[in-house]
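So the sequence lines, in the order shown, correspond to chains A and B.
Taking numbering that gives the first Met the number 0 as reference, the numbering of the first sequence is continuous, increasing by one, and the terminal residue is 317.
Taking numbering that gives the first Met the number 0 as reference, the numbering of the second sequence is continuous, increasing by one, and the terminal residue is 317.
Wrong hints could be hidden among the right ones.
A pair counts as met if it fits within one copy or between any two copies, since identical chains are not told apart.
Within a straight-line C-alpha distance of at most 30 angstroms, the following computed DSSO-like cross-link-like pairs (lysine-lysine) qualify [to be verified]:
1. K155 x K53
2. K217 x K53
3. K217 x K314
4. K314 x K53
5. K53 x K81
6. K217 x K313
7. K125 x K155
8. K155 x K10
Keep in mind that the hints were calculated from the coordinates and are not lab data.
There are 2 protein chains.
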Amino acid sequence: MFLGVEIGGTKLQLGLGRGDGQLLALWRGAVDAAAGGEGIRRQIVAAVPELLAKAGIDRGQLRGVGVGFGGPTDDATQTVIKSHHIAGWHGFPLAAWLTELLGLPTVICNDADVAGLAEVLFGAGKGLSPVFYITVGTGIGGGLIIGGEIYRGVGKGAAEIGHLRPVYPLSRDSGHGEILEYFAAGWGIARAAQERERSGADTAGLRRAAADGPITGKVVAEAARQGDVVALGILDEAVQALAEGICSVVKLLCPRRVIVGGGVSLIGEELFFRPLRRYVAERGMEAFAGLTEIVPAALGEEVVVHGALALARKKLGG
Amino acid sequence: MFLGVEIGGTKLQLGLGRGDGQLLALWRGAVDAAAGGEGIRRQIVAAVPELLAKAGIDRGQLRGVGVGFGGPTDDATQTVIKSHHIAGWHGFPLAAWLTELLGLPTVICNDADVAGLAEVLFGAGKGLSPVFYITVGTGIGGGLIIGGEIYRGVGKGAAEIGHLRPVYPLSRDSGHGEILEYFAAGWGIARAAQERERSGADTAGLRRAAADGPITGKVVAEAARQGDVVALGILDEAVQALAEGICSVVKLLCPRRVIVGGGVSLIGEELFFRPLRRYVAERGMEAFAGLTEIVPAALGEEVVVHGALALARKKLGG
C-alpha cells in the first residue's frame, strides 16, 4: 500500500492505493501559495490520518510515498529544481522532507510525467509504446512513456511541449518570446480573449458567457459552444498552435499515441479533438501520416495521484 | 564478420568489419540514380569479392549484412517505405532482396539512425545516453539513441529534425511549407545564395569562391571564411534555423549530447558550432540550460558503414 501525492500549482491531492489504478481513498485540497511549504506540511499531516481512517488501513501498511510535483524535479537528488508556486522550494529536498515528515521512503517526479505513466498503465495508452501524454490546463505539460517507463532525458525532465514555439503565422507578431502555452494553455486562451477585448472586438458573447466573472479559458469554451465567432477564433488559434506542437512531437518521436488531457481538452470532440486531428494531418510529415493516434485522456482529475502511486510501486515496491 | 552497406542519396559504400568500430576494408562508389536498383545490384555484386580479397577474408566467414538506407524504412517488414533517389524502390523489400543476392541474413534501417548508433558506440557519444545525432549534409537527418539502442517510434522512423519548421522571424515570409532543411541543409544554403543573387545582392564574393562552378553550400562556406558579408548572412540564417530545431529537441528530449555531423558541420568551430551553441543558449528553455552538450561528430565519412555493421552485429550477431 502506498500514499500518492499531487502537489500542483493550485491543487493538493492525496490518495491511498496499491499503484494499480484503483484508489482506496482520496483527499483533495487547494494549495495555499501564501502559506508555502509550511501550509503543505500542515495539510499533509492532517490528511493522512483521515485517508487511513477512510480506507480502514493501518499506518504500518504503508510502504512508501510517490509524489507528482508541478514543476521540474531532479531524479538523482530527488529535489525540486524550481518552483513558481511555492515560495522557498527552489532546490528543495522534497523527498527527504516527506520521508522525515511521514517516516516513509519517498520518490518524486514531475506531475505530467507521472500522469503520462498512469495513462499508459491504466488509461488511454494501456499497453502501448511509445506514448506522448499532454495535459492542457492552466499550463501545458508533457510526458513521454517508452516501454512503460518515464523518459527523463538526463534526469531532470523532458517532454516540455508547452515550451515549443509555434510557427508562422501564429508567431508573426510575437517575436521570440512566445511559446505554445501563450496560445493554447488556459492562461493563453484567457490572454487572447482579453487582447480581443482591448483591441475593440465584439466580445458581447464572451461577456454573456462570463456572466459577471472574469473571461477565463472555460468562459471562452462556453461562448464557443454557443457559436460566438470571437470565441471560436480564439479556440481555433489555440488548437492550431497545439497541432504545431504535436506535429513536432510526431516528427521527432512518432509515438503510437498522443494522449491529451487537462481542463482545456474537456472542450471535447467537436471543438477540440476533431480540428486538432485535422490540423495535425494537414501540417504533419507525409512519411509519418496516420501513424500516431490523437486521443482524449481517460483518467480524469486523479490522474497524477494514480501516476504518483504507480511511481511509488515501481521504485519502492521491491 | 559482417558486411555493412550504406545506400545514400548519392553515395554507395560497403565495408567489412565486426561491428566494433574498425573497418577491415572499404569500397566506395556513387549511386547511379538512373540505373536504379539494377545499378546498385551490379555495384554490390562487383564490390563484395573485391572487399573480401582486400581484407583476406573467406566469404564463408560473413554472418550477415547491415544496411543504412537514405530514406524511411519499416522495421517490421524490413522494406524501404519510400525512396526519392532510387526509382522503383517505394515499398521495396530491400532486406529480402539482399538476402537473395548475397545468401546472407540482412537487416536494414535508416542511415541517420545507424549513424547515430555508431557515434554512440564508437564516436562522439561513446557510452552516453540519451544522444541525439544530426547529420547536416545535402539534407538533414537525425537519430535518437537511448541506452545504446536506436529509438524508432512505432517502427517506421523518428528523429526527423530536418522536417521541423523554424519559427519567426525565419518563417515570416514562408507560410507553412518550409522546414529546417529549407534553411540549413546543403541545398537550403545553396537556395538562399541563389535567392540573394536573384534579388540583386552583391554576390561578387560568392562568385569568386565558386570560381566558374555553381554556388553550392561548400562555396557559401568558403566565401564566409573569406569574410564575405552575404555568405556570412546566409550561414547565420542556417545556423539560427538549426539552433531552433535543436531547442525543440532539447525541450522534448533533453539529451546528454547533441552530435552534429555531415558536410555542413565541417564549416567548423568558429562559423558553425560556436554560433550554434550561442543561439541554443539564448533561445532555449531556462530549466534545461546547460544540460545538453553540442559537439561535432567524430566518425567522418564512414559513419553509416560503421553503424550498419553495428546494427548487423546487434540483430544478427546472436
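Hint numbers contradicted by this structure = 1, 2, 3, 5 and 6
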